[in-house]
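Protein chains in written order, with this note's numbering: chain C, 51 to 398; chain A, 42 to 147; chain G, 28 to 487; chain D, 1064 to 1231; chain P, 678 to 855; chain R, 2 to 483.
For the record, the hints were derived by calculation from the structure and aren't laboratory data. Just so you know, not all the hints are guaranteed correct.
Stated by the list, open to error - Straight-line distance between alpha carbons at most 27 angstroms, and here's what the computed BS3-like set of lysine-lysine pairs gives:
1. C:Lys251 / D:Lys1191
2. C:Lys375 / D:Lys1153
3. P:Lys691 / C:Lys110
4. A:Lys135 / D:Lys1191
As the list claims (entries may be wrong) - Computed far set for chain D versus chain G, every beta-carbon distance over 12 angstroms:
5. Met1064
6. Gly1074
7. Ile1077
8. Leu1130
9. Leu1137
10. Ser1166
11. Asn1178
12. Met1189
13. Val1203
14. Glu1206
15. Leu1207
16. Ser1209
Please read all numbers here as calculations on a predicted model, not as lab measurements. Glycine is no exception: its CB is placed at the ideal position from the N, C-alpha and C atoms.
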Amino acid sequence: MEVELIFKISLVIVMFAISLGIAAYATYGERKFAAWFQDRMGPSNAGPWGLLQPLADGGKMFFKEDFIPAASEKFLFILAPCIAMLTALMTSAVIPWTTDVVVMGQILSVQVADLDIGILYVLGFVSIGVYGIMIGGWSSNNKYSLMGAVRASSQMISYELAMGLSLLAIIIMTGSLGLREIVDGQTGSFLGFLPNWNVFKQPLGFLLFLICAFAETNRAPFDLPECETELVGGYHTEYSSMKLGFFLFAEYINMFISSAVIATVYFGGYHFPYLNRMISDPNMLAAAGFAVFFAKIFFFIFLYMWVRWTLPRFRYDQLMHLGWKTLIPIAVLNLLLTGAVMILKDYI
Amino acid sequence: MTEVLKHVSIDYYIYLSTILFCIGVMGVLIRRNAIIVLMCVELMLNSVNLLFAAFSAYRGDANGQLFVFFIMVVAAAEVAVGLAILVMMYRNTKSVDVSLLDKLKH
Amino acid sequence: MVAIIILAFFGVILLFAGIFDMRKSIMPIGVLAILMALVFTLQDIDGLFNDYTNMFLFDTFARAFTVVCLVSTLLIFLLGGEFLKDDIHHKGDKYALMLFALCGAITMLSAQNLLMIFLGIEILSIPLYILAGSQKDDMHSNEAGMKYFLMGAFATGILLFGMAMIYGATGQIQLSAIWTNVIADSYNHNLMNVGIIMLIVAFCFKISAAPFHFWSPDVYDGTPTLFTSFMATVVKTAAFATFFKLFLTCFTEIGGQWTTIIAVIAALSMVLANVTAIYQRSFKRMMAYSSISHAGYLLLALISLNFKEGQSAILLYLAAYSMATIAAFTVFTMIQQQTGRSDFEVFNGLGKRKRLLAVTMTIAMLSLAGIPLTAGFFGKYYLFSIAIHQYMPLVIIAILNSAISIYYYFRVIVAMWFKESEHHAISLETSPIYSMVAIVTSMAIIVIGILPSIVIELFW
Amino acid sequence: MSEILTYILGGISIATALLVVFSKNPVHSVLYLILTFFSIAGQYILLNAQFLFIVQVIVYSGAIMVLFLFVLMLLNLNKDTEPQKENMFKLMGVVAGGLLLVSIVGMLKGIGHINLPENPDSQIGMVKNLGLVLFSDYVVPFELSSILFLSGMVGAVLIGKKESTDIN
Amino acid sequence: MQSLTNRSKIVSNKKMTFSESIYLVAILKGMFITIQHFFKKKVTLDYPKMKKPVVANYRGQHILKRDDQGAERCTACGLCAVACPAEAITMVAAERKKGEENLYREEKYASMYEINMLRCIFCGLCEEACPKEAIFLTDMIVSPDQQRDKFIYGKDILVEKMEKRYDTSKRQKHLLEK
Amino acid sequence: MGIILLLLPLLFSLFLFGIKGKTAKTIALLGSLITLGFNLFLLSIWKQNEAYDFYENYTWIHDLGINFCIGVDGLTMVMLLLTNILTPIIILSSFNNIEKPYQNSFYALILLMQFGLNGVFMSLDGILFYMFWEITLIPIWFICAIWGGENRIKVTLKFFIYTFFGSLFMLLGLIYLYLHTPDHSFHYDALYAAQLDGPGMLFVYGSFFLAFAIKMPIFPFHTWQPDTYTTSPTQGTMLLSGIMLKMGIYGVMRWMMPMTPEAWAHVGHWFVILAIIGIVYASLIAIRQHNIKRLFAYSSIAHVGMIGAGLFTLQADAWQGATIQMLAHGINIVGLFYVADIIEKRLKTNDLKVMGGIAKVAPKLAVLFMVIMLGSVAVPLTNGFPGEFLLLKGIFSYHPIAGAIAGTSIILCAVYMLRVYQLSMFGETNDLTKNFEDVSTLEFTVLCILAIMVLVLGFYPNLIFEISATSVSNILMHSIAQ
């Protein structure tokens, strides 16, 4: 019991640290990759290859003047970035990071909480995340911010539906909401030559989920709430200093978590073909799984950036059109197909 | 998790829900902003939900929790419709004041 | 259940018909849907759904009131063809919403537990909130929608609180199980009392009985007339029948505890509504108060604590009331559409200009007033005769009120026959559908008025 | 431990509920209501009703309240535009609500014996359990709620959509 | 309207096929393009640390030459100002006083000589116009600054420092070749 | 057979609703005459000794024990005769009157009324009785409210609500009785057999009384009557006073007294007192009246009060007298109102004070008026006499003081009637009356028929007694508590 508790607490701390670290380096990565996609060099001055850039940025954030507009709702103005950060960090609680490890003779699962409701928890906290943006936008008392907030909320609500529907297909297939079960259902091979990842069984669902994940994290091409060209930064127009930093951090953490969820749900999480046959030691296997998992996560973070620098931003009506008239019907169709296949499988 | 059931009496939940329900009713009565009135109705529904959930947990009977589930389902639909009506009203009157709803009396 | 499936299915079809701009065919499709539902309601094929009887039982009770609702809706649909002919965008939607509301009504009527009752009420109410406010550019309609919605939501809250208390008291949501608990006296009395009172309040909101009636005149007045007639008939029928069923299935044994409350509510509804109705200047408001007073009369059936006789009584009463209300609204809709007014003066001289309409309206008013040889008489007769055992003074109050009600019902008749028309210039055109509905309803009123047993013997 | 938590959550929910009613600024009301909902969600967890907890979070906090906030922001309502009832009416409302409370509590006073089982099944609030019941016994209401949603959707569109003719 | 060039394309509003309308192919194409750029050689330089090599006849910041004795060559004839298409050059002429022979080569010199670097287009016409071979364009880059008036270079910047003479022979050679 | 008597006027009525033009009144007259003929035919084949002849009983609404049950006994036969004789006369009297549009509806309504009245008198089932009772109300209301004088809408609505209110109580009483019947039936016999406890009995008795007292009307319930009689068109007033009020009396005899005989002992006396107060009160007011129609209206209250008083005494003589007086009063009051109508139409006023000397210019009218008036005053050898005499005798044997007070009504009646006659017929002609035209052929015919009936029944009242005596005493037997 003791060991487990300590392990869980340290896991929480480690995961927080990793989340923050990844978020920090994602900002660096974003700039670097942006440069590379645009045939540029990217940050290179701070440290070797500019690797210390996030630290410099952080320092700058800290030391900039902290400005609170006079007509704002002060308390909420401060609360908003905190909510954004908090919800972003809390989402990672149900993600299984790797296989069980053995510490002092005890088998421990590397997952903060294996809740019964599993993936619904993710959905729930993602949907709460919007409050940070909304409150921030509203309390700034700035029309651009308000518009950003309004856009954010409508966008989040709209895309949550399709997201939930596409996840439902997975839930039907797996028969469980627990992320651990979903991951562990993806071992083995599919059709003989492919790894048994959900993405191959649910390509359409994956695509839908991916699009929705972009929208939920307010990433391009769905970054309407904060689009600089139209709204001068949207909900965080009035923010400066570390409060702005929190908003930006939250976005990157969200990106990290959603990549983790995508990897977990569709790409077999910490599984990789033949990995568990090659490594027998559980702790080594866990380490390898961890690495595999993070490799997948990094790929998706990279994908986020890749897409950002490829696709232009949607117009607001296009966004809604896509969400309601395209994604949701397709998601329903996907769900129906999945259900039909599941039923047919029982008969065959 | 179940230690609550052993240490806390069901009466506590009954009274808590009743108080919340009455606060909701009070809100419906004293507020003029239609949105707040609607929110207070939601508060009422939530107190009912809590009551159902508590009874359900104490009895170990799933019916109550499913009832709550359906209440939530209905509440969602109701809010959507209600807010649509509200926005429509706002378009015409530029206000959400319930006490302006007296045109028909004349 | 089959009826619900058919109605829901056709509702969706109507939505598509609306999208693809098949405005001409919307009304026929709706009518077809209801006719099919009627056929399947009268045929007993619900054995298919026997697995779900703990939720849902389409017994004769449900079937009987479903038929009343369906027939009312059918007539309203026929009127709608004319009423909504200028509605380019949403005709299909409105028809579909009425069908969905009808599904809710049937759900309520055939519900076997509290959850289904709740769900039915909501499925019935939500489309109606919208229909009430469906005339978007009209302030009155907006107001009606808003008021109806707020009141409905509030009442839902109270209803649920009551249900929660009942659940707490008995641990059951199944009507039959609650009944068993009540019989065995194995329930918590305090919770039960709160629950019953809350349920009474909530249902009185829904059937608009005094003192929870204050919303209904405004709502009736502001709602587009077609939907007012839907509210006044289908909603009333379903809500009241459910109220009756819930209370007389579960709480008959402890009737002594709540019939007094119901009696007070009934007396209040009758007195307040009838007296207020006299002072109304708008026909629709008058009809609203009339509907409140009829709710008062109907409550007599609950007091009787007699399920078997009570169900026949309210069936007959509601059928009579629905027919008369639809007949009245048919005539009124036609006049209102062409004159744009809703006061009593529009009826002036109608007897000379449009005999058929005037006669229909007269029959409707006579029926609502409860004059013999119209359906309303036997409705009242049944109610009085089952309640007379229990609450004689209440029946006397009811009788006094029937006499008062003559005054305002006859205002319409007086205006039509005895007053000279102010505007001869406006020539009223009667569309054949309106005439048809008028004839059908007045025939129905008279036939039921002469042979009430055909309604009852259809089911029992 | 958890009983204290229960009481704390109860206190929070009552306090925030009162703040919902008495806040002058509608946005604050919404935010307080969100807090109330969260505290109720917390109670669900303590009652081991995990499914309800997450549905509460997703539906109420995540969808319904966002919708409220969204509408408030869309209509740009704040303290200045907030209609206030006269104090007299407010007082009457408070008194009425108080009376309701007193009368209900009075009726409940000394809630007698409630037939509760000794060891209730603590697993009933789990998703799996509820799901099984939902899709066996409750499949009819489940299907019927689709009609509810459909009509709600159609209605919201019907009401909320601006007609093309409205422009003039 | 007839287009002046025939490069303009006719906008086509043709209905998209289904596969086009879901944009998936287009998106993938786009992503392929971007990823190609990702791995391309970067076109930018780490500028202050690394500089791009310039061509031999690169025309950068001007310089006013002195002769080997250190006297300014410019006689303020004004031909450069006349030749300048951007009218970037202004000057004020002055008489050489006694004892200034070591400073100015001829009797007349420019007491003020300014080039507005924001106007200058670095065409090199001043260089060609100069009869005294006093003004040259070098391969120096005009350094950036934050205020506009800092870009009006006076003699203090333009005139060659004797301790740090600038070799213009490469350009001269080139000029001579021409 | 009885059904045919019901259907004849109904069919004619429905037919008349459909047609347009001037033929309507002829058809209406024809219809009523055919009905009368059929009624006389029934009379000829009617078997006196059987309780109910032409008895027909069909189940109507089985669940509720409601039957379609009709039959004719002596009392009913008298009432039918009254109805069916007066209807053609009333129709005939209207030939020159109705000029407003839709004549056909007017006649259709009268025939509908006749249908209802026949039904009331023939029905032997509680609910059937109640239904016909209400059916009569609708046409008369329409007649009065469409063709009436000023203020007609308000007055007639008052009338309607008043009587409807009363009849609802009757319904309540019927339902109450029904619930106590052994075999749950509304049949007349079953209702007779109902066993009631004390309060229930009084309730039934009281509720019936309310309905019938309003209809008749008896003293405190009479307030609707004078206004209605004055405002209604003459034919409406004739129908109301000539036939409709007899419904109340008939109801008391057939439905009220025999149902709960024991209740009489408790409250019957109060009803007698009420009726007698009514007699004196109405007579005194009548003396003070200048409006001729209003005066006749009050006289009607007085006469009906007398009948009521007689009935509530439960004396055999009084009941027999009441039967014949019903017929006589019907004939007389129709005649009186017709005369009032003739005068009003010519003088355009109802005010007695401005009249005078009409006898000089219109002798025929004067004579006929005299005959009818004497009938009303109950001079011997007119139809009023046997009835009044028997009634008074009955009341007197019930209680001498009551008899004495009731007896004053004869004197008072003579006073106001002669006053009317004097003020209108005698004296000098004035500007208003000097051009008074004597009666036209039509009017003469109508008045003649009435006058002849006054005299015939006065000379030979046994014509009626023979028909009614047995059944009236049968009913009375039921009405007296064992």
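Hint by hint, here is what the structure shows:
no., hint, verdict
1, C:Lys251 / D:Lys1191, "holds, 24 angstroms"
2, C:Lys375 / D:Lys1153, "violated, 45 angstroms"
3, P:Lys691 / C:Lys110, "violated, 51 angstroms"
4, A:Lys135 / D:Lys1191, "violated, 48 angstroms"
5, Met1064, "holds, 26 angstroms"
6, Gly1074, "holds, 21 angstroms"
7, Ile1077, "holds, 17 angstroms"
8, Leu1130, "holds, 15 angstroms"
9, Leu1137, "holds, 17 angstroms"
10, Ser1166, "violated, 9 angstroms"
11, Asn1178, "violated, 6 angstroms"
12, Met1189, "holds, 20 angstroms"
13, Val1203, "violated, 4 angstroms"
14, Glu1206, "violated, 9 angstroms"
15, Leu1207, "violated, 6 angstroms"
16, Ser1209, "violated, 8 angstroms"
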